[in-house]
Amino acid sequence: MRWLVGWSSIAASFGTAGRVSGQGGSGPYDHPGGGPVTGGLADADTARPDDPAAERTVVPVGAQLLWGDPDPLWAVGDWRPDEIRTLAADPADPFTRLAVLGCCAATDAELRSALLAARGGALRHLTQWSGSYTAVVQTGRRITVVGDLAGARPVFHTPWAGGTAYATAALPLADLIEAQLDIGHLAALLACPDSPEALGDGTPYVGVRRIPPGHALILREGSREITGYEPVASLAVAAPTADPERAVEGVREALVDAVRARLTAPRHAPDTPPHDPGPVPGMGPADRRAARGAPA
Numbered sequence: 006m007r008w009l010v011g012w013s014s015i016a017a018s019f020g021t022a023g024r025v026s027g028q029g030g031s032g033p034y035d036h037p038g039g040g041p042v043t044g045g046l047a048d049a050d051t052a053r054p055d056d057p058a059a060e061r062t063v064v065p066v067g068a069q070l071l072w073g074d075p076d077p078l079w080a081v082g083d084w085r086p087d088e089i090r091t092l093a094a095d096p097a098d099p100f101t102r103l104a105v106l107g108c109c110a111a112t113d114a115e116l117r118s119a120l121l122a123a124r125g126g127a128l129r130h131l132t133q134w135s136g137s138y139t140a141v142v143q144t145g146r147r148i149t150v151v152g153d154l155a156g157a158r159p160v161f162h163t164p165w166a167g168g169t170a171y172a173t174a175a176l177p178l179a180d181l182i183e184a185q186l187d188i189g190h191l192a193a194l195l196a197c198p199d200s201p202e203a204l205g206d207g208t209p210y211v212g213v214r215r216i217p218p219g220h221a222l223i224l225r226e227g228s229r230e231i232t233g234y235e236p237v238a239s240l241a242v243a244a245p246t247a248d249p250e251r252a253v254e255g256v257r258e259a260l261v262d263a264v265r266a267r268l269t270a271p272r273h274a275p276d277t278p279p280h281d282p283g284p285v286p287g288m289g290p291a292d293r294r295a296a297r298g299a300p301a
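Residue numbers for the sequence shown follow our numbering, so the first one is 6 and each next one is one higher.
Simulated from the structure, these hints should not be mistaken for lab results. Treat the hints with care, as some may be off.
Unchecked claim - Simulated DEER-style distance windows between Cβ atoms:
#1 P236 <-> G67: 36 to 42 Å
#2 D87 <-> D199: 34 to 40 Å
#3 E258 <-> D95: 54 to 60 Å
#4 R7 <-> E183: 37 to 43 Å
#5 E254 <-> A203: 31 to 37 Å
#6 P236 <-> A270: 29 to 35 Å
#7 T91 <-> A295: 26 to 32 Å
#8 A291 <-> E183: 54 to 60 Å
Just so you know, even glycine gets a beta-carbon here, dropped at the ideal spot from N, CA and C.
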């Protein structure tokens with residue numbers, strides 16, 4: 006599995022290594038010892054372990070730091086280098102930046118243009134590129150995590166340590182806050198599997214919420230807001246009639262562009278040669294090597 010995870014807190018010093026007291030789970034998060042954490046809080050690492058009031062430093066295990074203080078963001082898992090792109094609007098303004106994780110066909114110029122538009126509040130530009138990705142925008146202390154229109158790349162959030170933690174998977178957040186299973190959500194999922202309205206923004210874990218498709222999670226110093234970025238059709242006024250042929254052509258072009266974005270992405274060949282399956286009836290060693298493309 007792979008996901009991105011970050012958090013936002015009221016305290017400006019709450020950054021790369023989150024300092025908490027008596028909170029946090031195990032599993033995807035760890036307490037690194039043996040020295041200070043880069044960008045974190047030294048007293049959290051030097052606190053005595055036998056002190057019940059000692060504060061702990063919590064960081065995701067096996068994570069790659071995308072940016073640090075005061076609102077850190079990590080990529081966790083086996084992300085390929087071309088699937089993680091970060092961009093700053095201006096080298097003189099390091100706290101206005103964009104992170105795109107996944108397969109995205111946008112150029113650097115398009116990313117920078119969308120970042121400048123998002124700084125003014127326009128978010129639709131971040132969702133119009135071909136591919137499958139998650140975009141995170143930081144503008145000062147404001148963090149915006151944009152979900153997709155279909156809900157294929159969901160975004161989850163939960164209150165934590167006086168602020169808000171977010172991730173693209175619910176399980177890491179549930180582990181972070183040691184959440185219990187939400188029996189009501191599981192019952193609704195079994196009773197109405199084809200009715201998303203019955204589930205709402207809940208998840209199988211108590212306290213972990215999911216933002217609806219077509220919405221964005223906006224964090225300002227720990228406070229959170231969920232806002233829609235797609236225009237809502239009026240129920241009183243009928244929408245203009247669309248030409249069926251143009252509509253079908255638009256869907257076809259979108260699908261072709263999405264597939265093209267994946268096919269033109271860098272290929273990653275394994276470092277080791279293919280595994281030899283061993284003896285195969287009717288094939289000798291030379292035949293097996295030839296089938297793998299190796300010299301006979």
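Results of checking the hints against the structure:
Under the hint 36 to 42 Å, the C-beta atoms of P236 and G67, about 40 Å apart, fit the expected range. Evaluation of the 34 to 40 Å hint for D87 and D199 yields a pass: the beta carbon distance comes to about 37 Å. At roughly 34 Å, the beta carbons of E258 and D95 sit outside the given window of 54 to 60 Å. In this structure the hint that R7 and E183 lie 37 to 43 Å apart at CB is violated, the actual value being about 23 Å.
Separation of E254 from A203 is about 36 Å and conforms to the stated range, judged on CB atoms against 31 to 37 Å. Between P236 and A270 the Cβ separation comes to about 31 Å, which falls inside the hinted range of 29 to 35 Å. Restraint check, T91 to A295: a C-beta distance of roughly 45 Å breaks the suggested window 26 to 32 Å. Take A291 and E183: their Cβ atoms lie about 58 Å apart, and the range 54 to 60 Å holds.
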